[in-house]
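Dock chain B with the ligands against the given chain A, drawing on the hints supplied.
So the protein sequences, as listed, match chains A and B. With this note's numbering, letter number 110 in the first sequence gets 296, and the count goes up by one each step, no holes. With this note's numbering, letter number 495 in the second sequence gets 498, and the count goes up by one each step, no holes.
Since the hints were derived computationally from the structure, they do not count as laboratory data. Treat the hints loosely; a few may be bogus.
Here are the computed lysine-lysine pairs in the BS3-like style, where the Cα-Cα straight-line distance is at most 25 Å [unchecked claim]:
#1 Lys-336/B with Lys-234/A
#2 Lys-490/B with Lys-326/A
#3 Lys-227/A with Lys-313/B
#4 Lys-336/B with Lys-243/A
#5 Lys-336/B with Lys-227/A
#6 Lys-269/B with Lys-215/A
#7 Lys-291/B with Lys-269/B
#8 Lys-284/B with Lys-215/A
#9 Lys-284/B with Lys-326/A
#10 Lys-227/A with Lys-284/B
#11 Lys-243/A with Lys-313/B
#12 Lys-215/A with Lys-350/B
#13 Lys-336/A with Lys-576/B
#14 Lys-336/A with Lys-428/B
#15 Lys-617/B with Lys-336/A
#16 Lys-336/B with Lys-215/A
#17 Lys-629/B with Lys-336/A
#18 Lys-597/B with Lys-336/A
#19 Lys-313/B with Lys-215/A
From a predicted model like this one, the values you see are computed outputs, not experimental measurements.
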Amino acid sequence: MNSSVSEASLELDYRELDRIIEEDYQNDKENLIMILQAIQKTYNYLPKPALSYLAVKIGVPVSQIYGVATFYSTFSLEPRGRNIISICLGTACHVRGGDRIHETLVDQLQVHDGQTTSDNRFTLESVRCIGCCSLGPVIKVNEDMHGRLKQDEIQSILSRYE
Amino acid sequence: MKITSITDLDAIRQACFSRLYAPDGVKVNVGMASCGIAAGAQASYNRALQEFSTKPDISISQTGCIGFCEMEPLVEIVAPGKPRMMYHHLTEDKIAEAINGYLANDYHKKWILGQMRDPRNILEDDIANPQAPVTPAEGFPFLEDIPFYAKQTKIALRNCGYMDPDSIEEYIARKGYYAFLKALTQMTPADIIKNIKTSGLRGRGGGGFPTGIKWESCAKHSGDRYIICNADEGDPGAYMDRSILEGDPHSVLEGMLIAALAIGSKQGFFYVRNEYPLAVKRLITAIKEAEKAGLLGDNIAGTNFSFHVKISRGAGAFVCGESTALMSSLEGKVGRPRAKYVHTVEKGFRDGPSNLNNVETYANVPPIILKGGDWYASMGTANSKGTKVFSLVGKINNTGLVEVPMGINLKDIVFGIGGGVPRKKEFKAVQTGGPSGGCIPARLLDLPVDYQKLAEVGSIMGSGGMIVMDQDTCMVDVARYFLDFLKEESCGQCNPCREGIKQMLEILTSICQGNGKEGDIELLEELGAMIQRFSLCGLGTSAPNPVLTTILYFRNEYEAHIRDKKCPAGVCKALFHYEIDPEKCTGCGSCARKCPQEAITGDKKKPHSLDQSKCIKCGICYDTCKFDALVIR
Ligand SMILES: Cc1cc2nc3c(=O)[nH]c(=O)nc-3n(C[C@H](O)[C@H](O)[C@H](O)COP(=O)(O)O)c2cc1C
Ligand code: SF4
Ligand code: SF4
Ligand code: SF4
Ligand code: FES
Ligand code: FES
Numbered sequence: 187m188n189s190s191v192s193e194a195s196l197e198l199d200y201r202e203l204d205r206i207i208e209e210d211y212q213n214d215k216e217n218l219i220m221i222l223q224a225i226q227k228t229y230n231y232l233p234k235p236a237l238s239y240l241a242v243k244i245g246v247p248v249s250q251i252y253g254v255a256t257f258y259s260t261f262s263l264e265p266r267g268r269n270i271i272s273i274c275l276g277t278a279c280h281v282r283g284g285d286r287i288h289e290t291l292v293d294q295l296q297v298h299d300g301q302t303t304s305d306n307r308f309t310l311e312s313v314r315c316i317g318c319c320s321l322g323p324v325i326k327v328n329e330d331m332h333g334r335l336k337q338d339e340i341q342s343i344l345s346r347y348e
Numbered sequence: 004m005k006i007t008s009i010t011d012l013d014a015i016r017q018a019c020f021s022r023l024y025a026p027d028g029v030k031v032n033v034g035m036a037s038c039g040i041a042a043g044a045q046a047s048y049n050r051a052l053q054e055f056s057t058k059p060d061i062s063i064s065q066t067g068c069i070g071f072c073e074m075e076p077l078v079e080i081v082a083p084g085k086p087r088m089m090y091h092h093l094t095e096d097k098i099a100e101a102i103n104g105y106l107a108n109d110y111h112k113k114w115i116l117g118q119m120r121d122p123r124n125i126l127e128d129d130i131a132n133p134q135a136p137v138t139p140a141e142g143f144p145f146l147e148d149i150p151f152y153a154k155q156t157k158i159a160l161r162n163c164g165y166m167d168p169d170s171i172e173e174y175i176a177r178k179g180y181y182a183f184l185k186a187l188t189q190m191t192p193a194d195i196i197k198n199i200k201t202s203g204l205r206g207r208g209g210g211g212f213p214t215g216i217k218w219e220s221c222a223k224h225s226g227d228r229y230i231i232c233n234a235d236e237g238d239p240g241a242y243m244d245r246s247i248l249e250g251d252p253h254s255v256l257e258g259m260l261i262a263a264l265a266i267g268s269k270q271g272f273f274y275v276r277n278e279y280p281l282a283v284k285r286l287i288t289a290i291k292e293a294e295k296a297g298l299l300g301d302n303i304a305g306t307n308f309s310f311h312v313k314i315s316r317g318a319g320a321f322v323c324g325e326s327t328a329l330m331s332s333l334e335g336k337v338g339r340p341r342a343k344y345v346h347t348v349e350k351g352f353r354d355g356p357s358n359l360n361n362v363e364t365y366a367n368v369p370p371i372i373l374k375g376g377d378w379y380a381s382m383g384t385a386n387s388k389g390t391k392v393f394s395l396v397g398k399i400n401n402t403g404l405v406e407v408p409m410g411i412n413l414k415d416i417v418f419g420i421g422g423g424v425p426r427k428k429e430f431k432a433v434q435t436g437g438p439s440g441g442c443i444p445a446r447l448l449d450l451p452v453d454y455q456k457l458a459e460v461g462s463i464m465g466s467g468g469m470i471v472m473d474q475d476t477c478m479v480d481v482a483r484y485f486l487d488f489l490k491e492e493s494c495g496q497c498n499p500c501r502e503g504i505k506q507m508l509e510i511l512t513s514i515c516q517g518n519g520k521e522g523d524i525e526l527l528e529e530l531g532a533m534i535q536r537f538s539l540c541g542l543g544t545s546a547p548n549p550v551l552t553t554i555l556y557f558r559n560e561y562e563a564h565i566r567d568k569k570c571p572a573g574v575c576k577a578l579f580h581y582e583i584d585p586e587k588c589t590g591c592g593s594c595a596r597k598c599p600q601e602a603i604t605g606d607k608k609k610p611h612s613l614d615q616s617k618c619i620k621c622g623i624c625y626d627t628c629k630f631d632a633l634v635i636r
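Here chain A stands alone, though its shape is the one from the complex (with noise of 0.2 Å):
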């Protein structure tokens, strides 16, 4: 994984934090979730310099910071692959074969949940539930669901994404 190159060469846009910090979310402590979500949704993952300098910005220890990013799981602080799966592994997707197609997108990709491939491609993410249970199981890439699947199906379907 080559994290700590992408890390370093990242350049952070101070004024497109300020926007989100100051503009969306008022300077609010009280908004730390939402501002974090806005900055995973610009770089893709929570960038430390960014959190260094949303702490000063908002006046909320860089621990506490890091505490929150740590406690919710939609938060991380590696860098992820161009294409986000989210395989759910929800009740309902579950009783219908979810570990399964699980099993199946662990031996093809090669990484366990949170990880990426070594060519950046895809991040391997896991949720309880993405509300679609009737399509079940069912996995999103990226904003794409994909429903009813069968194991022989993943294949064709990560081709898609580059």
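Using the frame of chain A, we list chain B with the ligands on its own:
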């Protein structure tokens, strides 16, 4: 236009009547909740726009989810003087043909679920059924008569799938905001609370606490009071809150406005699960529209009542559905529950008196205010009034969202409405209440569903997820699954929950791997009792339920795993293998073609054989064989 009176609502309602019930030309309503979209509704919608947008007498519109999710994409086509036809599985390749057929009065029978007899909701009994003068199409069932809908009564879901969720006018046309204006102009806070108490409404988020009593105690405490909506919907397999927010966001907003009047609050919050971006989008629109109409903001409807709402989003922590954790998360902090020596109705968000209710709870409030608490209380059982929405998911034919009167029995839900288990498999159990609930076995199917009865059999109502399980579901694996979930989601601050769940999970994992020992079941029971007793919040105190109920009802499955080293359902990989029954195998070769390991071989039309040394037990062959020739041993 700012709305200041019921007369204003009447005017909008009249102006919007034709849009809903007697459109000028043909109106195509595409069900666009997120799972409909996932099933192809967006593509159908786009195709319809592309083909027909230049035709002046055809309009394409969106609605929420009408509940029969198995049949997505669902599309309704309506025209003056013609039947309202509901089409199922109407993907983009079919939609143009369906619309053209409808125009030519040549309906595609195969694609039609039914025709709607009466599109009004439960509040619109002051107008005649707009569909009554229309001669029904012959040979098409009424939607209301098909088994999936026949036993339903829609109160919380009254508008989902019947209107455009982004349109406040359509909400008003279906009698929306009448309850709020009635409460604002004709009722005192005490009247409102009395009505809610009379209705017997209990919280739909899981705990089942009486809503009226909660409001009353919150109103008693002084300080800046907050109205909060719990849209965290953590129970995996339950999606009614998402569906209501996506299909009828104003109903929840109106419920919160009424709560704010009753309790005396100026500020409300939605706490929405991170996985629900479309719900957030529809809520944002609803809030803006309500503000524009003067129904939200300062000096609402020209009175001195002001109420603002803000949307906050969760970030993937199940425990944040718990009231104290949720409020701490709303403050931008880590969501760890605290001991409730002081209740949140007294000291919650920002240490102010805070009233937290679930999405579905709020959606029930406007009908209660308009039709009266007694009306609501006339439905249901002694301890559970009104209706409840359930999501029927898992191994069930008619997956979907259903709203039924409390007290209906499980069999009516699973078999009557749900149509039973697919592929002629045997029904085994239904799981209710999510990770805090339990598994109810087939032999208790006559159980009437209400808060008390579910508790009596060791489960809970929870938020309404009903996960149906069949012969291929391993109950030990299900118990392991829930503990694995809870281990990940425990906030970790108290020992019994953190360590106890971990230990139970280790035991269950070893049972599933074939290393179970005599005494394991008893140890699980002991640990379960300890965790129930000493945990701080509801996550811990209810965590053992899935294990304890599966032990209670499916002890034989545990014993098969432990003593015989067998997983009868064929789930726990160390404890079974697949075999081909030569008597039943027709040699069709389907399984062999699909096997990723090339473990199955055989001559055409001769019984095939399976090489155990190559097999990875992926189950593809088992799911493929149409002749029941693949068996679990
Ligand atoms: C671990 C845990 C998770 C919960 N998750 C939810 C949830 O996702 N949605 C919800 O409405 N209530 C949830 N609850 C229940 C809430 O704490 C609270 O009782 C409820 O939101 C109150 O609203 P109601 O009275 O309208 O049900 C959860 C409780 C616990 C202990
Ligand atoms: S019971 Fe579990 S989830 Fe609840 S506060 Fe204790 S450790 Fe946290
Ligand atoms: S279970 Fe999978 S690997 Fe084994 S024989 Fe069947 S298809 Fe092949
Ligand atoms: S699919 Fe069934 S019937 Fe066909 S070859 Fe395989 S085991 Fe035999
Ligand atoms: S359980 Fe997978 S989408 Fe709900
Ligand atoms: S139709 Fe999608 S929620 Fe049911």
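Hints, verified against the model:
{"no.": "1", "hint": "Lys-336/B with Lys-234/A", "verdict": "19 Å, holds"}
{"no.": "2", "hint": "Lys-490/B with Lys-326/A", "verdict": "24 Å, holds"}
{"no.": "3", "hint": "Lys-227/A with Lys-313/B", "verdict": "21 Å, holds"}
{"no.": "4", "hint": "Lys-336/B with Lys-243/A", "verdict": "16 Å, holds"}
{"no.": "5", "hint": "Lys-336/B with Lys-227/A", "verdict": "20 Å, holds"}
{"no.": "6", "hint": "Lys-269/B with Lys-215/A", "verdict": "21 Å, holds"}
{"no.": "7", "hint": "Lys-291/B with Lys-269/B", "verdict": "17 Å, holds"}
{"no.": "8", "hint": "Lys-284/B with Lys-215/A", "verdict": "23 Å, holds"}
{"no.": "9", "hint": "Lys-284/B with Lys-326/A", "verdict": "19 Å, holds"}
{"no.": "10", "hint": "Lys-227/A with Lys-284/B", "verdict": "16 Å, holds"}
{"no.": "11", "hint": "Lys-243/A with Lys-313/B", "verdict": "22 Å, holds"}
{"no.": "12", "hint": "Lys-215/A with Lys-350/B", "verdict": "20 Å, holds"}
{"no.": "13", "hint": "Lys-336/A with Lys-576/B", "verdict": "19 Å, holds"}
{"no.": "14", "hint": "Lys-336/A with Lys-428/B", "verdict": "19 Å, holds"}
{"no.": "15", "hint": "Lys-617/B with Lys-336/A", "verdict": "21 Å, holds"}
{"no.": "16", "hint": "Lys-336/B with Lys-215/A", "verdict": "9 Å, holds"}
{"no.": "17", "hint": "Lys-629/B with Lys-336/A", "verdict": "16 Å, holds"}
{"no.": "18", "hint": "Lys-597/B with Lys-336/A", "verdict": "11 Å, holds"}
{"no.": "19", "hint": "Lys-313/B with Lys-215/A", "verdict": "15 Å, holds"}
The earlier numbered hints are all upheld by this structure, with none contradicted.
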